[in-house]
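6 protein chains.
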Amino acid sequence: MILRIDRWGTELPPPTDPDPAGAAAVQELMGGRFGEMSTLMNYTFQSFNFRGRQGARPFYDLIANIAAEEYGHIELVAATINTMLTGASPIDDGRAPDAALADVKGIGNPHHFLAGGQGALPQDSRGNPWTGDYVFSSGDLVEDLTHNFFLETGARNNKLKVYEMVDHPAARALTGYLLVRGGVHQVAYARALENLTGADLTKMFPTPRIPTEKIPECQPHIERGDHLRLYRFSPDDYREIVAVFNGPHPETGEDLEVVDEAPEGALPNDLPPQPAVFAPDYAPEEIVQIAQRLRKQAGLPDKPTAKVANDDQGMVDEVKDKLTS
Amino acid sequence: MILRIDRWGTELPPPTDPDPAGAAAVQELMGGRFGEMSTLMNYTFQSFNFRGRQGARPFYDLIANIAAEEYGHIELVAATINTMLTGASPIDDGRAPDAALADVKGIGNPHHFLAGGQGALPQDSRGNPWTGDYVFSSGDLVEDLTHNFFLETGARNNKLKVYEMVDHPAARALTGYLLVRGGVHQVAYARALENLTGADLTKMFPTPRIPTEKIPECQPHIERGDHLRLYRFSPDDYREIVAVFNGPHPETGEDLEVVDEAPEGALPNDLPPQPAVFAPDYAPEEIVQIAQRLRKQAGLPDKPTAKVANDDQGMVDEVKDKLTS
Amino acid sequence: MILRIDRWGTELPPPTDPDPAGAAAVQELMGGRFGEMSTLMNYTFQSFNFRGRQGARPFYDLIANIAAEEYGHIELVAATINTMLTGASPIDDGRAPDAALADVKGIGNPHHFLAGGQGALPQDSRGNPWTGDYVFSSGDLVEDLTHNFFLETGARNNKLKVYEMVDHPAARALTGYLLVRGGVHQVAYARALENLTGADLTKMFPTPRIPTEKIPECQPHIERGDHLRLYRFSPDDYREIVAVFNGPHPETGEDLEVVDEAPEGALPNDLPPQPAVFAPDYAPEEIVQIAQRLRKQAGLPDKPTAKVANDDQGMVDEVKDKLTS
Amino acid sequence: MILRIDRWGTELPPPTDPDPAGAAAVQELMGGRFGEMSTLMNYTFQSFNFRGRQGARPFYDLIANIAAEEYGHIELVAATINTMLTGASPIDDGRAPDAALADVKGIGNPHHFLAGGQGALPQDSRGNPWTGDYVFSSGDLVEDLTHNFFLETGARNNKLKVYEMVDHPAARALTGYLLVRGGVHQVAYARALENLTGADLTKMFPTPRIPTEKIPECQPHIERGDHLRLYRFSPDDYREIVAVFNGPHPETGEDLEVVDEAPEGALPNDLPPQPAVFAPDYAPEEIVQIAQRLRKQAGLPDKPTAKVANDDQGMVDEVKDKLTS
Amino acid sequence: MILRIDRWGTELPPPTDPDPAGAAAVQELMGGRFGEMSTLMNYTFQSFNFRGRQGARPFYDLIANIAAEEYGHIELVAATINTMLTGASPIDDGRAPDAALADVKGIGNPHHFLAGGQGALPQDSRGNPWTGDYVFSSGDLVEDLTHNFFLETGARNNKLKVYEMVDHPAARALTGYLLVRGGVHQVAYARALENLTGADLTKMFPTPRIPTEKIPECQPHIERGDHLRLYRFSPDDYREIVAVFNGPHPETGEDLEVVDEAPEGALPNDLPPQPAVFAPDYAPEEIVQIAQRLRKQAGLPDKPTAKVANDDQGMVDEVKDKLTS
Amino acid sequence: MILRIDRWGTELPPPTDPDPAGAAAVQELMGGRFGEMSTLMNYTFQSFNFRGRQGARPFYDLIANIAAEEYGHIELVAATINTMLTGASPIDDGRAPDAALADVKGIGNPHHFLAGGQGALPQDSRGNPWTGDYVFSSGDLVEDLTHNFFLETGARNNKLKVYEMVDHPAARALTGYLLVRGGVHQVAYARALENLTGADLTKMFPTPRIPTEKIPECQPHIERGDHLRLYRFSPDDYREIVAVFNGPHPETGEDLEVVDEAPEGALPNDLPPQPAVFAPDYAPEEIVQIAQRLRKQAGLPDKPTAKVANDDQGMVDEVKDKLTS
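Residue numbers (our numbering), protein chains in the order written: chain A, 1 to 325; chain Z, 1 to 325; chain C, 1 to 325; chain G, 1 to 325; chain R, 1 to 325; chain U, 1 to 325.
Take the hints with a grain of salt, since some may be wrong.
Restraint ranges, calculated between C-beta atoms of paired labels, are given here [as the list claims (entries may be wrong)]: (1) A:G253 - Z:D17: 49 to 59 Å; (2) U:P211 - C:T16: 57 to 67 Å; (3) Z:E285 - A:G247: 19 to 29 Å; (4) C:G247 - U:D260: 42 to 52 Å; (5) A:T305 - G:A102: 52 to 62 Å.
No lab work stands behind these hints, which were simulated from the structure alone. Glycine included, every Cβ here is placed at the ideal spot set by N, Cα and C.
Based on the sequences and whatever the hints tell you, model everything.
Written out as structure tokens, the structure is:
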């Protein structure tokens, strides 16, 4: 089972200029063979299928716990795509439902607009869906770990290239963060393999052979030490990861560290409606009114019980103004 | 972000007779269009993509919170499949790697044995992978809720039929549980639609038109009141579901109820190694020894820090005996 | 546009012993690369996309008109599969929703039972869905006709093999009919190519090199002359097929013939409910009562306005007896 | 069986400026999950698989009859795409087979040009093929109707967004028409559900919450009353739809109406050859000559026996002039 | 470019008892994610896409040369499947085209009979097609080699399991051979990685942790030294593999060796016709006569110019007798 | 088995201006239904599965031998795509890993950059992967040959259209060559069918109805006589193709000819590194140094043992200069 926390793993900038072509590229990090859907589901299924887990507890805990972090990664990729798509259709009521999407004809992933509501999808950069055949769960621990090391390697490659292709601030914040966290997972699986077999994989780092340290957007996370830390994403379980995730970082030599709780993360942005695609409605203010009435009936306070990051920020407010004026 | 809890949503029986053909059928509840991968990922993406969530908070909270419960459902489906596959290959060392899988040639899903380690896969009953194209996330709240109501309806159909096809005790325990919990979600989305549009969907229940009450394996859960309860799967968030999930149950007229914490669940079974498929190894005892050494080095206690349900149960011990003798 | 006629292209026997494994094989003729979905959709799209059709009217009319006949073929394949699946689950109320599908676990296409209601699906014999990528519509008339000749050749191969694999009377009635009608289409496209290019394809018949005359179930259709006839499936259009479909039959030398109307066909069987899979309901008699009330309100006569073939036939009545007792 | 009528459900404008990027978007209405291939094939299979149809005749007739109308819809979507692609390659002989397609490199769906002859394909806006897995045919009448209501809801969403994205006159004529006709089907399935279960779905209309009346291109059809009418697409069958399709329209309150025959429709446009893609040939005039000779041999009149809309219209004639000069 | 040699990489036994269910399982080694289509195409594309190959020649030569050997592996997998399917349909003329395939209804991969002529297909054990998305060709040498090492690891897992599931003599001969040769490739990629990065992967062998030496069917190949040898599959090229493939074998410590020519291999078996599936014809003797006449006209000798292994062996002759009697 | 020769079937120009959108279109000739992966794999599987090959040796030899040539064709398509992608990312070290791929955002196939290293992939022009379901191998010789004739017809259509869409010199060199060689294969299969059945297909040539002679880039190959020649791609085998491939060319009347050895071909270009996508590395010069050391240790000469075409050509050298300075 899981508990869900309505916070993001890291801060993302609020929407600025939309970038639908960039958002289509970022989809590779969601639904590509090496995207976060793949890391999430590979580790999830491997943990579900782990046989003899009591005897091999440190390895089970490692895989199960990293799976938990990956859920937060698909959340961030989605948030990035949604941020980049915000504003790609006009919010001027007068225009919808006329030619409100004319500007994005032939731009980016058409499903972002025709199928979805300017939102993220479990697809890759080609617009092809993520598939369960991307999951490798052989049950053989050495093989599963070998796969996971390779998967993180491919994921790192894809993140670097999306970084190079898309310079939208949200995409850069995302890839800067994911490169650091994915790097930790790459190290974790290598170390698990080393501990299990005796092989020394240290010299295979970094792959691709660009030190994470060279990417400016990685710096804040490295400075905080997040390139060395595995967080324990559970109230009480997965306590034996310390038995596997330890020793020096293969690139920097610093000590790896297990943090015994989840990171604090950041408040999510509440992205504004996009009425041209009916998200969340053609007339979003009506939903607000209904929700307010239901909240009242339920005895909830006047203001939403949840906090978001952007109560008073740039474009978002501007959008809200239009929608509520 | 999520926190993971190493417990199951409900108790499952330990392995008894293997049922690989039944396990192949149960896969429909994992990776079919209406399987738990679909409920998990539909609600997950809809919550990620929810625009204007502050204004529509009760609806956002409902979808986001049900998504969290669904993770526990894919876990249970996987556990059921793994239980049913346990023992399908011999653990007698003398036989592997000879004709250890001869008995399952042509039986069930070949990937359970050839690709996986007698473990669950994100595939349906045909052996076809789950695909991201099963996700509907239009951003339009009325539509997404309509979809979700339909999705739960199809899911209920599939669960009932798997119930009829597979009488293995693990499959029955699974479907008995899922029918009750999925029924709650079906009600939740109908009620959300009612609260949003004013339409009255009460008379569409039950679909298929078999009252859950008629299924014996549903009884323990109904008696506990679990057909009426939505649990809040979060330490602190998603508090506004009460504004939507309320009123009488459409079939029984009893009051719906929000429980302000996750259910306690049950300890998982630690399923025994299946050395013929190298899960977790051809010689599992070697991994145990390595793990034990690593645990010692890390200062962990002699016994695993985690509890499982089956420290002293039937076949499982028998398997362990063979493996450790 | 089309008008639909509630009759079958040929008579099919009523349900006898169920044959779910055979039904799974017959699916190849529905959703396989060379199945009737493919013939229907290839000719449909080619006719939609036909450019300069006034100038090439006889060829356009030929393709458009054969497309129309193919709709009747997917209907017959579906009816055959449905017939073969009838009775595969018990209709004894006492059993459903218990282990009603236990007998078909591991037998045939699991989607016939888990996803569908013992009904036909747009899938092939592997359970893989028909895909739009099976459609070839190049717009180049010589190529499209070459494709169609090849498609009918492959279809004939598949029909012969399904004939050999499945000896259920419904499957035999189906393949006997389709071999004759598909044979006519194979001739039609060959003749169109001959008329267009001057090449002589006569000696390529038959392929596979088994004369249709050797298949007993083809005889009634051959005796009626249906191996020579192209029917015009339209009230008023597609009159120029006579300009292409003419000359001697390549195998028998008899004259090809255009019939200026659709064939009379046969009354469909009304297949009985299968309550174990909720088709059309868990308690079918309730739907009958509702329908009867609605019919009355609408001023319709007491008896259904439509005729079916099986008002008083064997197993079907028996099923009905059980359902109405 | 079907009879085919060589007329379109509504009039479409003749080709003007080509719009290949728009044509790629319109493909969503053909081969998308909610496209017309899906409505056609869902209702077709549901009607094929309908068990106990005599007892539930009004519901069977409704589904079977709407299936028939949908064939006319895939025809119109195809015609629209073909219209929009006309002129996208030059017809100037001097250029082909040189760089005749250079202008569409990277524009729209490459299969429109490389695989097809500037023609429609059973693909969606991503260029992914329609798949049989989009068909839901559970056999359970309540579920199938719930699905169909949801399917029409998603289809309406997609049509509105294509409307907003593509302002080519053919696309607008298409979506204006389909929104009205699809709206009728959405109502029909809701009403069928209401009549079957007693639930009242009236307040779920419209979804998305834009009244069809606000779309200018819908007006001619609404003024003619086509938002209230279900046509009977059959010479003699499906007479019991009146028992289900009745009562007030959920949005306007006007009475729903069954028309006892198919609509008259409109003459199709004969779209001009596109020799650069060899449709119907590199030298189309040769096919005309061959066809003319064959027609003569068959005793057909000098002029084609079929009428088309565009015997003397703008660009089409211009194209013909070039081809025949 | 390639030159093709009409010999097999190793000897396979002639057909004995057919094993269609086993043949379906062996398909995993053909078209599965880790099958020989994948090894062939991964290395082929990596060699095609290798940039700066002059500077990195030893690595290019290694990948390009192993690609060449893999073609011989898909050939052997196909030959094995064909051998196992031989005799699965009767060759008794009296039976075809009657119920000749009744015995294989529901057994194995239906496409082996309905689509193919009892022949191998590019599908996996589920009957799902091999897909180009199984190819990883990042261009980054470290990553491509990491992938290849992982791919060979997964391939070894699959071969071992097929070995355990299928004890047909042809399947055993195949897997015995492929385990040895795949083992060499696994070593080759590990050594290339070691030479490139300095990491030591020796201790990761063997994975799965069963020494190849324990498999009886591997012995003849090990005794011949084939677990140590990389053959150069080219008349003149790929001479620099010696710079990478050298040093001790990670399991045995013996010296790795490059053999400067292709292995001699073995004569292929000429598998007998299966007239029930029209392979190569319903009346195979007619093709023989035509071929003989054509050969004569071309001045070829009376006997075929090519040699096969089975001119006078068991069942094959028996089949021939029947066909020519 | 095969031997590989490190030469190309024909000469290709060195990289000039990159054309990523064109490269995406050329992918149709690689991984499309009618691309070279399809011709290669269709003929390969047909040859593997050929039953009774001694008796039908000339036909077996023909198919097996053409399969061998097709490997050279996928190599050329890959080389063309790689050539066209060269230079699409900057090689200026200062820029990577910053916005090095910004210029190709939204251009061409995103997998060329995000998944691959500016290299060819087994995908079509939509970015969809080649699939094993494109292989037709019925075992029935007449059908397989009919298919192959149709396949070459569709392939010719696609080549002509890619020719028209992409005027990059590499694409033109490729299509000019493939049109001539594919034309020979189209003739070969037609002639085989004629020899086998007696039908005369001469008049079906050319299809599409543009004589290859009209394409300027075909001229050098036609002048050399390559439109008439089938090369024998084997040291010793497939000698009986002469019994089938003979007689006059259907378009020109010239005599067809079998050449008893493979063509000489041309030296490949060594395409320069693209460090922005890490192909073959972020710092390619490091790999060169490592390789040089390994070569020395192995006793290889100082200069690479293999020759390439571009030791001193334009842009390639320029790239090398930058990389080695």
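Now for the hints, and whether the structure bears them out:
Taking the beta carbon of each, G253 (chain A) and D17 (chain Z) are about 54 Å apart, inside 49 to 59 Å as hinted. For the pair P211 (chain U) and T16 (chain C), the supplied restraint of 57 to 67 Å holds, since their beta-carbon distance comes to about 59 Å. Distance hint check for E285 (chain Z) and G247 (chain A): the Cβ-Cβ separation is about 25 Å, which falls inside the suggested range of 19 to 29 Å. Against the hinted window of 42 to 52 Å, the Cβ-Cβ separation of G247 (chain C) and D260 (chain U) comes to about 44 Å, which satisfies the hint.
Checked against the given bound of 52 to 62 Å, the beta carbons of T305 (chain A) and A102 (chain G), roughly 59 Å apart, stay inside it.
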